[in-house]
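Q: Protein sequences appear in the order of chains Z and W. Counting with the working numbering, you get residues 2 to 271 for the letters of the first sequence. Counting with the working numbering, you get residues 2 to 271 for the letters of the second sequence.
Mixed in with the good hints there might be a few duds.
The list makes no distinction among identical chains, and a pair is therefore deemed to hold if it is satisfied within one copy or across any two copies.
Think about it this way: if two alpha-carbon atoms lie no more than 30 Å apart in a straight line, the pair counts; the simulated DSS-like pairs of lysine-lysine are [what the hints assert, rightly or not]: (1) K137 with K250; (2) K246 with K106; (3) K229 with K246; (4) K74 with K15; (5) K246 with K205; (6) K180 with K250; (7) K201 with K15; (8) K173 with K74; (9) K246 with K137.
Hints listed in this document are in silico derivations from the structure and should not be mistaken for laboratory results.
There are 2 protein chains.
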Amino acid sequence: MKTNFNSLLYNKCKEKNNWLCLGLDIDPDFFNNSISDPIDFLEKFAFEIIDSTIDIVPVYKPNLAFFERYGYKGFKVFEKIVEYIDGRSIVIADAKRGDIGNTCKYYASAMFDEMGCDAITVNPYMGSDSILPFLKNKFKGVFVLCLTSNSSSGELQNDTNDNTPLFLKVAKLVGSLNKNGNLGLVVGATKSDFFDQINKYCNKMPYLIPGVGHQGGDLEESLISSNKNGYGIINVSRSIINSGKGNLKSIRSAALSYTEKIREVVNGRA
Amino acid sequence: MKTNFNSLLYNKCKEKNNWLCLGLDIDPDFFNNSISDPIDFLEKFAFEIIDSTIDIVPVYKPNLAFFERYGYKGFKVFEKIVEYIDGRSIVIADAKRGDIGNTCKYYASAMFDEMGCDAITVNPYMGSDSILPFLKNKFKGVFVLCLTSNSSSGELQNDTNDNTPLFLKVAKLVGSLNKNGNLGLVVGATKSDFFDQINKYCNKMPYLIPGVGHQGGDLEESLISSNKNGYGIINVSRSIINSGKGNLKSIRSAALSYTEKIREVVNGRA
Chain Z
2 MKTNFNSLLY
12 NKCKEKNNWL
22 CLGLDIDPDF
32 FNNSISDPID
42 FLEKFAFEII
52 DSTIDIVPVY
62 KPNLAFFERY
72 GYKGFKVFEK
82 IVEYIDGRSI
92 VIADAKRGDI
102 GNTCKYYASA
112 MFDEMGCDAI
122 TVNPYMGSDS
132 ILPFLKNKFK
142 GVFVLCLTSN
152 SSSGELQNDT
162 NDNTPLFLKV
172 AKLVGSLNKN
182 GNLGLVVGAT
192 KSDFFDQINK
202 YCNKMPYLIP
212 GVGHQGGDLE
222 ESLISSNKNG
232 YGIINVSRSI
242 INSGKGNLKS
252 IRSAALSYTE
262 KIREVVNGRA
Chain W
2 MKTNFNSLLY
12 NKCKEKNNWL
22 CLGLDIDPDF
32 FNNSISDPID
42 FLEKFAFEII
52 DSTIDIVPVY
62 KPNLAFFERY
72 GYKGFKVFEK
82 IVEYIDGRSI
92 VIADAKRGDI
102 GNTCKYYASA
112 MFDEMGCDAI
122 TVNPYMGSDS
132 ILPFLKNKFK
142 GVFVLCLTSN
152 SSSGELQNDT
162 NDNTPLFLKV
172 AKLVGSLNKN
182 GNLGLVVGAT
192 KSDFFDQINK
202 YCNKMPYLIP
212 GVGHQGGDLE
222 ESLISSNKNG
232 YGIINVSRSI
242 INSGKGNLKS
252 IRSAALSYTE
262 KIREVVNGRA
């Protein structure tokens, strides 16, 4: 039953028996410094990665920075990728946008209506004004940064007041805003010790979990903790797309290896 | 002397005897619901606004959401606007980006190298990782969201720990990162009561101050408080560009009126 974004996401993951989000942070420089047309490379390689993995990958997360760096031509490639996926998997625009309401209205319109993405990542620093405009269409999803995986995340996010760190206030705020069933959280696998605390505030929500690959977060613990409440989607970017320096067999093999680990934890639990 | 972004910005404001930033949040729907080609309108109208005001306006701040809503074609217009300004005024990309370091590197490359903007607005929620990659080129500037002007800003930003609200921790963090003289803060005119507290942490920095127009913040108080330490740049968007429903004389007249108010406060003070 198609009730809202969070159930669409759940159904797509169930359908492919996988809870993997493949981050498309493609950096042409990594593969070959002498590529004559990096924008053309970006498009072709993204399509090839999708072709090699879409039967097993339920969610793709293109990262806007890796397209914007090439200006409007890069943005055009981003649009083509969303169009190419064409509903076969969920697309989360990793855009981390956030602004006053009047501006977010147009970011929502950009990512959902114009680009056709299914969901977006959003930064909560400006408060609920910066989240609400993205929630209006219940079939479009929003992942709010809560406890991110990077090393400096604690500088602000762990800030405590009466022993309540800021990231839990974000979790509480997000929990209170989830009227349409289309909100989730970004929580880093490197911080899985805190998932139980976050779970208390966010009922039945999907967690988008980066930090498993290069950053060394624990896949199993993250999945188990997030599945206690809602459901976890494990994001992997560079550890898959940079595998074998562009060799598509290596990429598929890396995606399959993560898929197997995920299935083992999730299905083992069931 | 061209030493870093903050002095470039200061010199440009001195040169035009104005501390006004004109926000280019152009919404074609506001002017005419039946525009056949809104992207063409956006480009032409932005150029006309610039022609009508560039002799008095030292800083323009195009807001990315208002371009991204039209996809890559909108992004192309954004690029053309930066090219059209061509160093005659400072361009701040109001993008509010923020991500892990490896991603911010490419947002910096997008806004500074590819688009040619002079500065960007950045969201601090992910900590210093999300600010540092933007600071490498000392001739490019970064305005970090500190205490924003919107109504829900306090939900997280006013969060206190031992009586220190989060926005002051952001101010402290930003103050400590300003090694290259290219960092500033976004502080809302609606919050000018707190500027003296922020001043303690941020030495000699420019403040980009929105919230004077529609949001009702106090121009005079904001300028006086911010000029005690570094210098304030007053941002006005809709109250100028929507003036007279697209009539360029009204737009210039609104820009002049703000300019006069600013000059009165700043030059009166000197």
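Q: Against the structure shown, which of the earlier numbered hints fail to hold, in ascending order?
A: 1, 3, 4, 5, 6, 8
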